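Novice: Read off the chains here:
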Amino acid sequence: MNKDNDKNKMNADEAPMNPENGNAARSPKADSNNTGDANEDIIKSATTGDYKYGFVTDIDTHVIPKGLNEDVVRYISQVKGEPEWLLDFRLKAYRHWLTMKMPRWAHLDIPEIDYQAISYYAAPKQKEGPKNLDEVDPELRKTFDKLGISLEEQMRLSGIAVDAVMDSVSVKTTYKERLAELGVIFCSISEAVRDYPDLVRKYLGSVVPYRDNFFAALNSAVFSDGSFVYIPKGVRCPMELSTYFRINAAETGQFERTLIVADDDAYVSYLEGCTAPMRDENQLHAAIVEIVVEDRAEVKYSTVQNWYPGDKDGKGGIYNFVTKRGLCRGDFSKLSWTQVETGSAITWKYPSCVLQGDNSVGEFYSVALTNNYQQADTGTKMIHIGKNSRSTIVSKGISAGHSQNSYRGEVKVVPKAANCRNYTQCDSLLLSSTSGAHTFPRIDVQNETSVVEHEATTSKINEDQIFYCNQRGISTEDAIGLIVNGYAKEVMAKLPMEFAVEAQKLLSISLEGSVG
Amino acid sequence: MLVIKDLHASIEGKEILKGVNLTVRPGEVHAIMGPNGSGKSTLSSVLTGNPAYTVTGGSVEFYGKDLLALPPENRSHEGLFLSFQYPVEIPGVSMVNFMRAALNAKRKYFGQEPLSASEFLKLMREKRAIVELDNKLASRSVNEGFSGGEKKRNEIFQMAMLEPRLSILDETDSGLDIDALRIVAGGVNKLKTDNNATIVITHYQRLLDYIKPDFVHVLYKGRIVKTGGPELALELEEKGYDWIKREWD
Amino acid sequence: MSSIKQYTDIFHAYGSAIDAHSAPVLNALRPDALKALENATMPRKGDEDYETTDLNELFAPDYGVNINRVNLTADPAEAFRCDVPNMSTSPYYFFNDVYHHDADTLASRGDGVIVSSLRKAAIEHPELVARHYARIAPLSNPQVALNTLLAQDGIFVYVPRNVVLERTLQLVNIMNVAQPVMAVRRVLVVLEDGAQARMLVCDHTQSRDVQCLSNQVIEISLGEGATFDYYDLEATASSSRRASTLWAQQAAGSNLLIDGITLANGITRNGYHISINGEHAETSLLGMAIASGEQHVDNHTYIGHNVGHCHSNELFKYVLDDRATGAFSGKILVAENAPKVEAYQSNRNVCASPAAKMFTKPQLEIYTDDVKCSHGATVGQLDQDALFYMRTRGIPEHDARTLLMQAFMSDVIDGVRIEALKDRLHHLVEKRFAGALADCGECSGKCLRNKK
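Residue numbers (this note's numbering), protein chains in the order written: chain A, 1 to 516; chain B, 517 to 765; chain C, 766 to 1217.
Calculated pairs, EDC-like style, for lysine to aspartate or glutamate (alpha carbon to alpha carbon, straight line, at most 20 Å): (1) A/Lys460 x C/Glu1101; (2) A/Lys381 x C/Asp814; (3) A/Lys101 x C/Asp812; (4) C/Lys1137 x A/Glu463; (5) A/Lys387 x A/Asp295; (6) A/Lys387 x A/Glu363; (7) C/Lys1137 x A/Glu455; (8) B/Lys728 x B/Glu747; (9) A/Lys381 x C/Glu816; (10) A/Lys101 x A/Asp114; (11) C/Lys1105 x A/Asp464; (12) C/Lys1137 x A/Asp464; (13) B/Lys652 x C/Asp1179; (14) A/Lys489 x A/Glu363.
Per the computed footprint, the stretches of chain B lying under chain C, defined by three or more beta-carbons under 8 Å from a beta-carbon of chain C, are: (15) 555–566; (16) 600–610; (17) 619–632.
Just so you know, these hints were derived from the structure itself, not from any lab.
All of these numbers come straight from a predicted model, not from anything done at the bench.
Note that beta-carbon positions come from the ideal geometry of N, C-alpha and C, so glycine has one too.
Put together the whole structure using the sequences plus the hints.
Specialist: Given below as structure tokens:
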């Protein structure tokens, strides 16, 4: 990454805010008796849609010099006023990271990354922890407004509590007080370290240890901010909690860390969104999400991942290397991952469930759409340890342009996990002859009472369906949008309402210009 | 032949049968009717020993034997037959192999020699005629790719082969057009003797036009709440189940 | 420590003896094989595609290699009687890895068909053999390299253009050793355009107390429109180890059927690597494993659709009892610019005991859009509804289970294109299950033990 090109960098820093002109280049509506070639043209022109969130906020940002060493790790810890144990944790992680190599097993072509060419801490300059909205920098507020994220607590219509993270720090968490009345803790992880050190210390790294993988070790060493959620025993969180991640500064990495704990009988639905400016260079995002679900508790974690995917020639875009894992520790606990992945140049991400509790339930619903030169290697792991644990995996891959889209999954049932059930449905839809769709599941069953099923199909978009739509007067481009949305419906239906609408639009936009 | 006393049964911890009492004698035809979810199919499953259900109380005697103590196959050998509401498809097992295994297991149970291949095929041919079952169906895998009507005819064909003393027909009429219904009911009637009995489980009166019941029972919320003659079925057809529900809710 | 070294040591010490008992065409490749092995290691357990089988360990024991081609004085008719009724075959034998000569019944045909010792063929038809030997199986694969380094003989099957071999070739591998031995076998099959042949390979072990390893490489080249069936039946013993890799390439319009069956064994690793290089080629890759005790069966498959308009169908089924372990990993690849490919893969497994384990990894790698591909894998039990249904009809539970297990395997057997063999396999599978999955019971090879 960072094949440093000063000219490009300059341009990128002043990237114009021109999000809406993507439709200008569209071809005329299709005739009903289109030939394949004409379809292809429409499809191509339809997939050149621009990235809506590619603007840069002009805000004074504190960025530390590029490079990574122990001093940087110490600096981050010091800036955040962290206790000794956390610095220790970071240093151990850093030292371990030095011994590790970047994983190359995924079906991804990842260029060499120069980890010394990245700045590991960037923060919008503002007073620490704004007490009310007036203290939030107006430029920042504008940024999140433009992203459709309201930091105004008065805007109760959306009914979502938001933690907004810009670059390395949490900018503002809304609804904090109202949630506090119920005992729900929802704050930035930095605040949590300060205010709830025992809780954080108990759970941090308990699901994703720093030794877990290369990116987890890196994150554990340099993580800057993220959200912390604790739902106490018996509490159903009355609103959706949401974190909005935004990369703004150039040549920085984003390393956030989210920790969610649902105590016995608790329930929470958590949403995560992300965007980044359009830049010609690649930027690294290596996050960790850890979730602990206790007895009879339930966590729903939904992601709409829309990091900048790079341009139509594959230039720029975010490298999204994320470790997400939940531990269903309690009996009858339930964790449900839903993801709509349309962004990022490269995605390496496997939200997983360790089903330790008896009768625990894990779910993974995913739509991954890749276009142009995007690469995605994503899927899940379901590790059945508890008796009668059940899991469901529904993965829908959509490949357009020159993209490569892989599902990678593992279902493991240990000998003592009696009567487990897994069902996996894994479909790939190909929209161009130059795209790829791959399926790499692993199934490891070690007892006789469990049933594991995996079914996968790969096929081209159905031309009869397109023709049928054409005959009813729907353009090919719209028909593709319709068909793809229908194809992904099973997963989209799992998203909370507020997100579903956005995600649906996103699918159509991401496809603009794509079938071949 | 069959005496059910205060039978309680549950599935996955949920009690479905809550004290069923029923006595069936040779030569009788009993109809069990009732709204959806009243426990009709549970009763047939419990009587035939479906392991998914747990008997939590009561007793069932069949010709003096404790039926509930027998594994499903011995219940079959003793002469209990269930025509399934949803006959199970068994890919790869041919009807011929399936029936031969069944028949010879029964013969073995009674200390008889297995049938020779020619005797067996002759028997197949005879019995097939009763329900007009196509030879092609008989040579295919059990129920695989059969239409709804073919599956039900296949059930009655198996009944003819096994010559049960008590047959339970579980919603045998569901999914049948009128011609198939006539063939299936005709088959059942042909197999009727003074020494065997039939329990017809049905939602509608329609089947009872073809198979005349001596007794009609209404099962509701896991109990037999009403018993009468054939006229009860007609009354139910006319008035529906709501009046029963009102009486008992 | 790499288990390769002991074999390269053997080669360094006895290379000239190995050459002396083989043919120049085979010897010519040994230096390349040695070079390929210099920095190679045998895959270890946990390596990609070797999740459950440790090949390094499989080769590690101190096996002897029969360098001086000591002939066993066994009489094939005494050791083996093919009992596939109604099927007449042309039988050929390997005792360990020594080819048994006297069955050259095809020499008189006069149509150019060659079925003979590979060594002999390599001397009599050096150009023909050199054109194909070690051309399909790559030396980059350490198993292939090791086999190529040490192989002195094997069987060569050559069917010229448009010639049809009606009679099934039967190759019988019989292991009978007094001490641990590695048999190094090579099978080379070449069918020219339009040729047709069928081959049944039966693997048996008579010495059931001494560990032995069969190391075999099979190469199959099919010309345009050629049709070839390859049935590979293993009914060996718990002392048997088997590392077998098959490499096939198919030209346009060719039709290849492979059926790999494991009824009894110790540890088996089978690789099937098929490259489809011509349009309108068809491939059926079938397999089954019935394993009990400590049996371990690992099938690894790869079907590469390098061109468009071709069709493959893959089905593997396992029934595992006791502490048996099964593994399946299969990849279907459709290359870029290979339109209208249909490829289906299915792996179905039944674990019949608490300690049985199954690992499966079905994979699709698709680089073009106009395809119809699917794969499915299941691990589970017998259909409980079917089991109950059968019991209500009076069939005792044990019999019902056996019937269902046989039925479970029936679609693999139904893929067999020789009626008599199909009937025989149904019978063998029935016997295998009827023995409560205990031992091979009766197999098509008449074990010495069974004769007593």
